Structures are given as C-alpha cells and as structure tokens.
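**Student:** Dock chain B against the given chain A, drawing on the hints supplied.
Below are the chains, spelled out letter by letter.
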Amino acid sequence: MGKFLRMALPPIALGLLVTGHYIGLAVAPPDREMGDVQRIMYAHVPAVWIALMALTINFICSVVYLFKPSWKTDSLAEASAEVGLLFGTVGVLLGAIWGRPTWGVYWTWDPRLTTAAILLVSYMGYMALRRFVEDPEKRAVWSAVVGIIAAVDLPIIWYSVKWWRSLHQVQSSPKTVDPEMVLPLRISAFAFLAFMILFILHRYRIALHERQAEVALPDALPTDGPQANRTPGVV
Amino acid sequence: MTPVARNRLILVGALLVAGAGLAVVAFGKIGDNLVYYWSPAEMLGQGEKAYGPTIRLGGVVKPGSIQWNAEHTTLHFHVATDHTPGSASVLVRSTEVPPQMFRDGIGVVVEGTFDKSQVFASNRLMVNHSNEYRAPKPGEEPRKWQETVEGSTTASATGAQ
Numbered sequence: 001m002g003k004f005l006r007m008a009l010p011p012i013a014l015g016l017l018v019t020g021h022y023i024g025l026a027v028a029p030p031d032r033e034m035g036d037v038q039r040i041m042y043a044h045v046p047a048v049w050i051a052l053m054a055l056t057i058n059f060i061c062s063v064v065y066l067f068k069p070s071w072k073t074d075s076l077a078e079a080s081a082e083v084g085l086l087f088g089t090v091g092v093l094l095g096a097i098w099g100r101p102t103w104g105v106y107w108t109w110d111p112r113l114t115t116a117a118i119l120l121v122s123y124m125g126y127m128a129l130r131r132f133v134e135d136p137e138k139r140a141v142w143s144a145v146v147g148i149i150a151a152v153d154l155p156i157i158w159y160s161v162k163w164w165r166s167l168h169q170v171q172s173s174p175k176t177v178d179p180e181m182v183l184p185l186r187i188s189a190f191a192f193l194a195f196m197i198l199f200i201l202h203r204y205r206i207a208l209h210e211r212q213a214e215v216a217l218p219d220a221l222p223t224d225g226p227q228a229n230r231t232p233g234v235v
Numbered sequence: 001m002t003p004v005a006r007n008r009l010i011l012v013g014a015l016l017v018a019g020a021g022l023a024v025v026a027f028g029k030i031g032d033n034l035v036y037y038w039s040p041a042e043m044l045g046q047g048e049k050a051y052g053p054t055i056r057l058g059g060v061v062k063p064g065s066i067q068w069n070a071e072h073t074t075l076h077f078h079v080a081t082d083h084t085p086g087s088a089s090v091l092v093r094s095t096e097v098p099p100q101m102f103r104d105g106i107g108v109v110v111e112g113t114f115d116k117s118q119v120f121a122s123n124r125l126m127v128n129h130s131n132e133y134r135a136p137k138p139g140e141e142p143r144k145w146q147e148t149v150e151g152s153t154t155a156s157a158t159g160a161q
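Protein chains in written order, with my numbering: chain A, 1 to 235; chain B, 1 to 161.
Looking at chain A on its own, in the form it has when it is part of the complex (with noise of 0.2 Å):
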C-alpha cells in the first residue's frame, strides 16, 4: 500500500498541480479588484489550508499515542509536524507576496497574522524538542505533549478572522467566490493534498526506521558530541 502510494502519488499530484495552476494563471479570470495579483491565491490558500490538516494529524497521533504508545504513531507525529510546518511557512511567505500589491504591506501585526507567526514558532519549538531529546520514549511523550498545546493555535487561526478585525479577510466561500475561480482553487488543493500525503509518507518511513533503529541499537547511532559527555537518556 505504501509502496504503490509512493510510486502513484507523484505523477498525481504533479498532474493536479500543472492541471490546477494552469487553469488558475490562464483560464479563470481576474479579480476585478485585484487584477492578477488575486492569481495567488490559487497557492497561498491551499498551502494554508493543507498545513492546517498536517497539524490538525500531528494533534491526533499526539492524542493517539499518549493514549496507546506506538512508534508508528510517533513517526506519523513527527513526519507531519514537518510537512505541516513546511506547508504553513509556504503559505504564510506567499500571503505576504500577496499582502504587498494588495494591502501595501507585507506583514503587519494582525490577529491572522499574529496567530500564523505563533503557529509557525510553536512548530518550530516542537522540532527542535524532538531534536533535543534523545531517549526516544521520553521524546514521544514530552512531543506529545507539545502536539496537543500547540494545536490549540489551529482553530484559532481558523477563527481569528471572525472573532477579532484584522485585515485579513474572512474566509470566502463558493458564494462569494466566481465559479470559473472555485475549480482551479479546488484542483490545485487536491495537488497540495496528494503533495502532503505523498511527503508524510516519505518522511514517515524514515522516522520509522530512525524509532526502530534508535530502540534497537541507542549506542550504535552517531551522535554530535563525545560519548563520555553524555548523560545517558537525557542530552
């Protein structure tokens, strides 16, 4: 399943992409506001909207292997806190391209904004702990721990827009949004979906294998300083 999955999903998503952005840069029409500068929007929405699932997987396999200890639910923590962070910063550096020819700014200090940044720092914290640790049971449980906390930002950001001003707009939905602008927006999320599921799965083969290797074997991995410095299962 795996295997075929890793050979299907790239000429997939690859296929969705070109397909999605295709009709998203020379079919659908302009914004007639915005001109072609809304054309962004056909990436920075999807990077966002996928990076939020990523982390929204990452809370329940936190959640799950709190519950029930496994290394493939630690993997699959790991592996899509990542993709999730990669998404999100992908989304936020296209937001501020867009946030430029449209608002005048890139950044400003918005609650969407604000809560995005935390999101982005908070992932960020939660890499580098599992870095830090080395006893990998204590760093499932304390990353875990970290999962669960950091996730509360995702339906934050979700609602910043209707709870506080901003200058974010609020979501738009198909009624707000012309037809011929929907399909490409839909086509090129199902690409950064296969995109997603296509990187977990890569990443969470190798997070497994590291879990298993580092169980099996804790002295024979390679580590950054002497040996004699270390306190055995903490850094």
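Keep in mind the hints are simulated off the structure, nothing from the lab. These figures come from a predicted structure and were not determined experimentally. Glycine included, each C-beta is placed from N, C-alpha and C at the ideal position. Honestly, I wouldn't trust all of these hints.
Derived DSSO-like pairs: lysine-lysine, alpha-carbon spacing no greater than 30 Å straight-line [as the list claims (entries may be wrong)]:
#	chain 1	residue 1	chain 2	residue 2
1	B	Lys29	B	Lys49
2	A	Lys162	A	Lys175
3	A	Lys72	B	Lys137
4	B	Lys116	A	Lys162
5	B	Lys116	B	Lys49
6	A	Lys68	A	Lys162
7	A	Lys72	A	Lys3
8	B	Lys137	A	Lys175
Derived list of chain A stretches under chain B, where covered just means 3 residues or more per stretch with a C-beta under 8 Å from a C-beta of chain B [to be verified]:
#	segment
9	117-128
10	163-177
**Tutor:** Chain B alone, transformed into the frame defined by chain A:
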C-alpha cells in the same frame, strides 16, 4: 503507576490545558485588549486620550472625499466608520503613495497619530480586500486599469470605477 497509565494521565492533563487555553481565547475578553484598529467613532469617543500615541484607525474611504495634491504628494481623505451616510468620519492626511486598490468606498486601515487639529497624520496606509472574488464585469478591464495606475502617481486618486 504503569507507563501506560502515566501517559494517559499526561494526555488528560495536556487536553485540559489545551482546552482551557482555547476557551480563554475564544470566550475570554482578550479581544477587548487586543484591538487591531479603532473605528472613527471609537477613536473620537476617546477624546483627548487619542491625541499623541501611534494608533491604527480602520474604516471605509468616504466616497468623494479623496483629494490628491500631486505637487506636494499629499493625500487627504475621510475615513468613515461604515457605509451609512453621516457615520462618524475622520480626515486623514497621508504622504504615501497608496496601494493600487485604494479608491472610494474601500476598506482601509491607517497607522499614525491624531491630535487637536482633528487631522489623522498617517504614516502607513493599508487597504483591505473583502472575501469576494469576481470576474470583471463586461467592459471592465482590470489589466488596463493596472497599467494606468503604474503609469501615473495620481491614478489612485482618480481610481477606476
């Protein structure tokens, strides 16, 4: 305590902390202290307290109020609380070339200071976009309009539409 029981206890604790955190943000009064911008009515309601500090003022550009002085590159316009005629409005002075979408009736957020003269001196002008994305109506040509904007600094004042 077995490791599994300990982990489940940690799980309950983490979920409680996360839930409490979310509840505080969602239902607490955080929004009252974290206001991204004041509306003209709110700012005027502050009276003298609004004079001096850097604040953000948000609202809509009052139709017909845009005045662009090309010689001194200064822009004057009124920011109204909303689209209802007669809603509170504040005169804003900006020396910045505004973003392309700046026009009558659009949402804006300006950063700057307000003082006794009742003119808001803006040093940053931001335009916000609604969540609507529409194809141009017959006869509208956003691409041509953009070219005219790039070609002249006064375009924002004359604006499209």
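**Student:** Mind listing which of the numbered hints don't hold for this structure, in increasing order?
**Tutor:** Hints 3, 4, 6 and 9 are the ones this structure does not satisfy, whereas the remaining hints hold.
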